[in-house]
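Peer 1: Those protein sequences? They're chains X, Y, V and S, same order as listed.
Numbering follows our numbering, in which position 115 of the first sequence is assigned residue number 130; successive positions increment by one, without gaps.
Numbering follows our numbering, in which position 87 of the second sequence is assigned residue number 135; successive positions increment by one, without gaps.
Numbering follows our numbering, in which position 16 of the third sequence is assigned residue number 87; successive positions increment by one, without gaps.
Numbering follows our numbering, in which position 332 of the fourth sequence is assigned residue number 1301; successive positions increment by one, without gaps.
You may find that some hints are simply not true.
Unchecked claim - DMTMM-like mimics (lysine to aspartate or glutamate), calculated; alpha carbons at most 25 Å apart, straight line: (1) X:Lys73 / X:Asp137; (2) X:Lys102 / Y:Glu51; (3) X:Lys73 / Y:Asp78; (4) S:Lys1478 / S:Glu974; (5) V:Lys342 / X:Asp66; (6) V:Lys371 / V:Glu355; (7) V:Lys345 / Y:Glu51; (8) V:Lys115 / S:Glu1497; (9) X:Lys102 / Y:Asp78.
No lab work stands behind these hints, which were simulated from the structure alone.
Predicted model, so just to flag it, every value in this text is computed and none were measured.
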Amino acid sequence: MSAEAADSPFTDPVQQREAARIGMWAFLGTEVMFFGALFLTYFYDRHLYPDGWVAASKHTDLLLGSLNTGLLLVSSLTMALAVEAAKARRPDAAAKRLLATMGMGAVFLVFKGLEYAEHIRDGLWPGESFHFEPASLSRPGELFYYLYFTMTGLHALHMLAGVVWLSALVIASRRGAARGFDTHVEVAGLYWHFIDVVWIFLFPMFYLVRGH
Amino acid sequence: MDEHRVRTLYRVAAALLALLALTVGLSYLDLGSAGFAIALAVAAVKAMLVGWFFMELEEGVPAVWFMAGAALVWLGLLVSGTLADLFTRL
Amino acid sequence: MSWIVPPQASTVAARVDLLMGYVLFVAVCFIALIGGAIFYFAVKYHHSRSVDRSGPVFQSIPLEIFWTGVPLALTLSMFVWGARLFITMREPPPDSLEVDVVGKQWMWEVQHAEGRRELNEVHVPVGRPVRLLMTSADVIHSFFVPAFRVKQDVLPGRYETEWFEATEPGRYRLYCAQYCGTAHSAMTGWITVLSAADYERWLAQPGAEPTMTEAGERLFRRAGCASCHRAGGAGPALEGMFGRREALEGGGTALADETYVRESILRPNAKVLKGWPPRMPSYEGRLDEAQVQQLVSYLKSLKGA
Amino acid sequence: MEKTENYLNDEVTVSSWLLTTDHKRIALLYLMSVTFFFLVGAFAALLMRLELLVPNGGLVQAETYNKLFTMHGVTMVFFFLIPSIPAVLGNFLIPMMVGAKDMAFPRLNLASWYVFMAGGLFGLASMILGGVDTGWTFYAPYSSVYSNTHVITMAVGIIIAGFSSIMTGLNFIVTIHRLRAPGLTWMRLPLFVWSLYATSIIFILGTPVLAMALVLIALERVFGFGVFDPALGGDPLLFQHLFWFYSHPAVYIMILPSMGVVSEIVPCFARKRIFGYAFVAASSLAIALIGFLVWGHHMFVSGQSLYAGMAFSLLSYMVAIPSAVKVFNWTATLHKGRIYLRTPMLYALGFIGLFTIGGLTGLVLAAMGLDAHVHDTYFIIAHFHYIMVGGALMGYLGGMHFWWPKITGKLYPEFWGRISAGLVFLGFNLTFFPQFLLGYLGMPRRYYHYPPEFQTLNVLSTAGASILGVGYLVPLLYLLWSLKWGADAGPNPWRATGLEWTTSSPPPKENYRVTPEVDEEPYAYDAETEAAL
Ligand code: HEA
Ligand code: HEA
Ligand code: CUA
Ligand SMILES: [Cu+2]
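Using the sequences and the accompanying hints, generate a full structural model.
Peer 2: Spelled out as structure tokens, the structure:
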């Protein structure tokens, strides 16, 4: 503790908590733009190939997609509850809720993996072996799935990082309500909610383009 | 723990799940091209709920609002500027 | 060639130079103003001199408004002038002569409607607007003729146009201005502006070459298009199609311009005509860009019944 | 004078440098790194200018030339100029100027340097493995399909370096928001801090878009599938939008910090409060915002829609206004000042002049009808070197001279300082003014061979570059010299205002022995009554 305190430029914990939150939000701004470039690409190509988009969206798995969306929404709730527990200096309660959050995140990733496997089996992985009905929309379909894999893949990577981060917090919680623990949980929560928000948009973009 | 806040959190989560059900349900109706716009609008509402309650934008820390607002504005610039070109070509 | 401006050999050249003169004039005024003021203050208020330094000012809203407003007004005038000039450069007069250009690493292939083909050379008549229909076979190039003050990037996958009307017979340099790889700086050529009579003679020279439309018609039969695109065939009749707004399968319409026709040939399934099966084969890889241009030229010539 | 404890002699082991979280030491690590990259970029410039001495030169081959200007552009932009002032002077000064002990996230700060070096290593690796020939703009589909050089390695390097910019920007923002000393309100912040705040916004909101654009290029190369190549159904203009969405604001990343430096130097050597403080501060933010609305002015003849082009043209003119406001306010600051033409001031005044020329030629480019002629010619090259070399780099050198006594505790020889400022100014104009003429006459950029009628002007330009090169080497030598033999500077050799000058030079590790308090406006100089500097 002491080494860290000596290095710390902060004079009081409130200042430190606010700094951490502002820093996280600034980082989320970066993330918004990082994903934003892909969102733009999606809408750009959707404008070029509206029919292809509709056709391709019909091959996504709405059931798994909806389940996953639900999972993420609930995991955001448990995350928010974990933050409350941490703030109330109850690290054990916080850890339980973090575990629940992580668990849902992990299930999300497993489902996502199942979906990927299904798509790859169906020949929807872009490239030489790409196979798509109707063949006339094969090229736009390929673009759609290129973006699908890129965007949901990037999202999944973020989830993975989130799960790792939360597990680190669970371990940290065993040391009790150490100084800064509540801030760490809070900041991790911001990140987790952000991933949720990204998915909230990815869901209609890939699963609900038009009708079923 | 702040009981009031915990209750709010549960309510928000319930609203989010309801919206999810709504948007999935709507996707079975044929709303033409408006369907996609509605689905995105529902997503925006969901995102706002998450941001406002879960991410504690409601606390109203100015610097946090500034960062969140800037990110949205800048994303808007990127998307609108580029699509302005695409939509008006030819 | 003078030291300051390249030859003025097109209808827009003098207008570009005039606008340039205006912007530079404003620029020089401000450079003189700022530079002069700095110099003057540096001398007058040099620390070694004892001058009146009393009553310094640190803020003046009127001044701030003034030096926001003046540049604003000046730049607005530049914007309007520049945009209008650019619009002129973008809109070819309706009676333009058409020349087809394909840029490829690292050369310019040129076809004239009358059939003559050239490489890295373009012969055009003086006093007649010329419209270039340009595409690229690989990466982005840019067709740049300083003497005409025109430039347009040439992209793969679609047609871009550029037009000019030469005012002086002579030979002018043509450059590829967009970086396109190793021999980018060798992708140059010449524009030869001929008098009307010389141009006719030049067009007629070898004589035997078919016009682009004829070449396109021949290709239309040779490549098998005619087997479907005929009355009662597997494909729609193409007479009068060019310039029409076509209804597409799955909703939406598309204007049948050159880019659309090109796409219909190379990637027929990208936009499928309403009421027709997506039966047409892709000609990508089977026809090169120059041949596609011949087909486009032919299809454009097919007037509606 | 007895040696006092300071951040330099506090600990001297190698690991005390490589593991330091002290923002001042990190600044010096950055200083060495960016100087190295400047030399790499300058070396490429040297070879290019030599090749262009003759119209059909054969000093290097065409491919090599193409790799040279790519290497030059990429290193100068991504590995030198963008990190230069923010990561060196900004790192050193921001905590000091706000009266803090360190940056808000000291370890993140150190990490940013390692990340930067990792990016730099990838960049260097791609150059050593054989180079990249796409130009710094990486236009698709050339970069995504046709080029067979080390595009991916270079792209990875740039992406990684970009993350280091983001970390730096994030740190600045939080530090400025949360670590200001008591009494240091927003309107009392030094203008350098304001300008770096604006820069940081661009860092964190612009850089990720470039990163993603390059990721997509790399994916397209790896998988042979993607969104840019029209043969694959993509659109190359999408890449240009993504690229310029970052890279136009990036030019303001390069100029805003220099503007901040000039805003510090001019009041100090005019011994007068800055004119129109609020307007200078606000114009930085205006530039950061409007700067994100003009990127399409690089695409007037690219096939972009005419209407979008017109909007971008208009907005490009709007973004010139805040720059104009700054120039006028600096000039007005000189009025009734007590002017000392010391080396930093010479650089600052040189900045104002050359930036004005470069900026005003930007007005030529923003006029669509003129850009159709000068786009992708040497006119562009001249425009941006006037701003980036004549402006940004001059500002950087001015800042280095201004704060050198603070950073090292030593004074450099003033005589040589003035000589080098003069050489740089002269050599610079001789190098780049002829390029305006070349460009309007029609010489395209990125040309390895050129028509013989352009030779005279090219020879002039190369001659100028050799003077300029000497002008850069001189400060390198005497600054190094001063480390050992320079006179002691004392805490405040310029008798400047600003918190950083209230502590000893070099500053102690914790910057201030007691947390400073601020109770007055910045730039409390007094030209009327004060005695000699
Ligand atoms: C630090 C870098 C920097 C800065 C600050 C600027 C500033 C500006 N730039 Fe520049 N620019 C570049 C670096 C920079 N640029 C680079 C690197 C390229 C080429 C990239 C490539 O293709 O490789 C480029 C290219 C470029 C183009 C594209 C040209 C083309 O490729 O065809 C355009 C077009 O509009 C442009 C315009 C401007 C304008 C209007 C400003 C304005 O912000 C300038 C504002 C400043 C002033 C106007 C001067 C001060 C004002 C006064 C003294 C008062 C009087 C003012 C008025 C009357 C308005 N620039
Ligand atoms: C910060 C940015 C920056 C800086 C500082 C410079 C500095 C210089 N640049 Fe740069 N330039 C760019 C950014 C910059 N440039 C960019 C972005 C491009 C576009 C690239 C592209 O098209 O993709 C470009 C392109 C460019 C071109 C056009 C190439 C072409 O289109 O074909 C030219 C040509 O003259 C040029 C010249 C110079 C010169 C003479 C200097 C001088 O200031 C350099 C002075 C230095 C010397 C002359 C060398 C002195 C010697 C030493 C210091 C020691 C050398 C080291 C060893 C011997 C190991 N530059
Ligand atoms: Cu073709 Cu450059
Ligand atoms: Cu720009």
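Peer 1: For each hint given before, does the structure comply? Return the numbers of the non-compliant ones in rising order.
Peer 2: 7, 9
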